[in-house]
Amino acid sequence: MDHPGLKADPNNIPKHIAIIMDGNGRWAKARGFTRTKGHLRGVEVARDVIASCQKRGIKALTLFAFGVENWKRPAKEVRNLFRIFFLVLRKDIAKLHENNIQLRVIGDRSIFNRALNAAILDAENLTASNTSLVLNIAVNYSGRWDMINAFRKLISTQQEKLLQQTFTEEMLNKEMSLYGLPEPDLFIRTGGVQRLSNFMLWELAYTELYFTPILWPDFNSDELDVALNDYASRERRFGLTGEQLG
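In our numbering, the protein residues as written are 17 to 262.
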């Protein structure tokens, strides 16, 4: 499918994109709206970006929806965020399945209520065999949590190897939430803030970082193409010299 704004070679499209969807609250405040309305607009944009990524042949997309630090927000906003997540999950899962999209929810689910956990499990089971795009939604997630959780799993299953100092990077990698997927090629953060905010600290080691001042509710497929074109213009060396890459 032709995408007029996309100048990148189709062979140089990221396999995996990770996005921090920042700016819903500021977008709403600038317009005199409630923060909840900003988050609802953010959901609409997320739907469009998911569809755009699928059309462009991207195989995995990870969206940071709610970090562990977000519990510090006003209680009413937190309740509304989880209510939105639950309702959108129930509403959108049939279409995701119809579009051959596999859904995964990553993060600490231990404090979610029974209804939300059941909805997540149903959605994951329904879409488990889908192959067009893997959509990861990070909820109650942080990069540090993911690494600590992986270490805990290792301690419970590989204690002898740890004591023998035969611990390897791959052993830890197998216990991370996104094991089995390619590491992100491209990280996008909207809203003008230039930091990772405890997101995918393990997986982003060699990822190309792209920051845009565009607030998430104003992000669209054209802005996605700008990011993809920027990514395609970069030389990814992975420690090699330019001469080695040819």
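Worth flagging that the hints you see were computed from the coordinates, not collected in a lab.
Quantities reported herein were computed from a predicted structural model and do not represent experimental measurements.
Careful: at least some of the hints might be erroneous.
[Said to hold, decoys possible] The list that follows gives simulated cross-link-like pairs (lysine-lysine, DSSO-like), each with its CA atoms no further than 27 Å apart:
{"no.": "1", "residue 1": "Lys-169", "residue 2": "Lys-111"}
{"no.": "2", "residue 1": "Lys-169", "residue 2": "Lys-92"}
{"no.": "3", "residue 1": "Lys-31", "residue 2": "Lys-92"}
{"no.": "4", "residue 1": "Lys-107", "residue 2": "Lys-53"}
{"no.": "5", "residue 1": "Lys-88", "residue 2": "Lys-53"}
{"no.": "6", "residue 1": "Lys-92", "residue 2": "Lys-45"}
{"no.": "7", "residue 1": "Lys-88", "residue 2": "Lys-190"}
{"no.": "8", "residue 1": "Lys-111", "residue 2": "Lys-71"}
{"no.": "9", "residue 1": "Lys-107", "residue 2": "Lys-75"}
{"no.": "10", "residue 1": "Lys-45", "residue 2": "Lys-111"}
{"no.": "11", "residue 1": "Lys-71", "residue 2": "Lys-45"}
{"no.": "12", "residue 1": "Lys-31", "residue 2": "Lys-88"}
{"no.": "13", "residue 1": "Lys-71", "residue 2": "Lys-88"}
{"no.": "14", "residue 1": "Lys-45", "residue 2": "Lys-88"}
{"no.": "15", "residue 1": "Lys-107", "residue 2": "Lys-92"}
{"no.": "16", "residue 1": "Lys-53", "residue 2": "Lys-92"}
{"no.": "17", "residue 1": "Lys-45", "residue 2": "Lys-75"}
[Claimed, not checked] Label-pair restraints from in silico Cβ distances:
{"no.": "18", "residue 1": "Lys-92", "residue 2": "Met-187", "range": "41 to 51 Å"}
{"no.": "19", "residue 1": "Asn-28", "residue 2": "Asn-133", "range": "12 to 22 Å"}
{"no.": "20", "residue 1": "Ile-100", "residue 2": "Ser-213", "range": "27 to 37 Å"}
{"no.": "21", "residue 1": "Ala-91", "residue 2": "Thr-184", "range": "37 to 47 Å"}
Even for Gly, the Cβ is constructed at its ideal location relative to N, Cα and C.
Status of each hint after checking the structure:
Pair hint Lys-169 plus Lys-111 does not hold up; C-alpha atoms about 34 Å apart against a cutoff of 27 Å. Among the hinted pairs, Lys-169 with Lys-92 is inconsistent with the structure: their alpha-carbon atoms are about 34 Å apart, more than 27 Å. For the hint linking Lys-31 to Lys-92, the alpha-carbon distance of about 37 Å lies beyond 27 Å, and the restraint is violated. Of the supplied pair hints, the one linking Lys-107 and Lys-53 holds, its CA atoms being roughly 18 Å apart against a limit of 27 Å.
Distance restraint check for Lys-88 and Lys-53: the Cα-Cα separation of roughly 20 Å lies within the 27 Å cut-off, and the hinted pair is therefore satisfied. With a CA separation close to 16 Å, the supplied pair Lys-92 and Lys-45 stays within the 27 Å bound. At most 27 Å may separate the alpha-carbon atoms for a hinted pair to count; Lys-88 and Lys-190 exceed this at roughly 31 Å. Proposed proximity of Lys-111 and Lys-71 is supported: the alpha carbons are some 15 Å apart, at most 27 Å.
A threshold of 27 Å between alpha carbons decides the hint, and for Lys-107 with Lys-75 the separation of about 23 Å falls inside it, so the pair holds. Between Lys-45 and Lys-111 the alpha-carbon distance is near 31 Å, which puts this suggested pair outside the 27 Å criterion. For a cut-off of 27 Å, the pair hint linking Lys-71 to Lys-45 is broken: about 32 Å separates their Cα positions. Our distance criterion of 27 Å between C-alpha atoms is broken by Lys-31 and Lys-88, whose separation comes to about 34 Å.
For the hint pairing Lys-71 with Lys-88, the CA-to-CA distance comes to about 37 Å; that exceeds 27 Å, so the pair is violated. In summary, the hint linking Lys-45 to Lys-88 is supported, as the alpha carbons are separated by about 19 Å, within the 27 Å threshold. Distance restraint check for Lys-107 and Lys-92: the Cα-Cα separation of roughly 22 Å lies within the 27 Å cut-off, and the hinted pair is therefore satisfied. Taken as a hint, the Lys-53 and Lys-92 pair is honoured in the structure, with Cα atoms around 13 Å apart against an allowance of 27 Å.
Proximity of Lys-45 to Lys-75 is assessed by CA-CA distance (about 34 Å); at most 27 Å being required, the pair is judged violated. With their beta carbons about 43 Å apart, Lys-92 and Met-187 fall inside the hinted range of 41 to 51 Å. Separated by about 39 Å at the C-beta atoms, Asn-28 and Asn-133 break the suggested range of 12 to 22 Å. Separation of Ile-100 from Ser-213 is about 20 Å and departs from the stated range, judged on CB atoms against 27 to 37 Å.
About 43 Å separates the C-beta atoms of Ala-91 and Thr-184, a value consistent with the hinted range of 37 to 47 Å.
In this structure, the earlier hints numbered 1, 2, 3, 7, 10, 11, 12, 13, 17, 19, 20 are contradicted, and the remaining ones agree with it.
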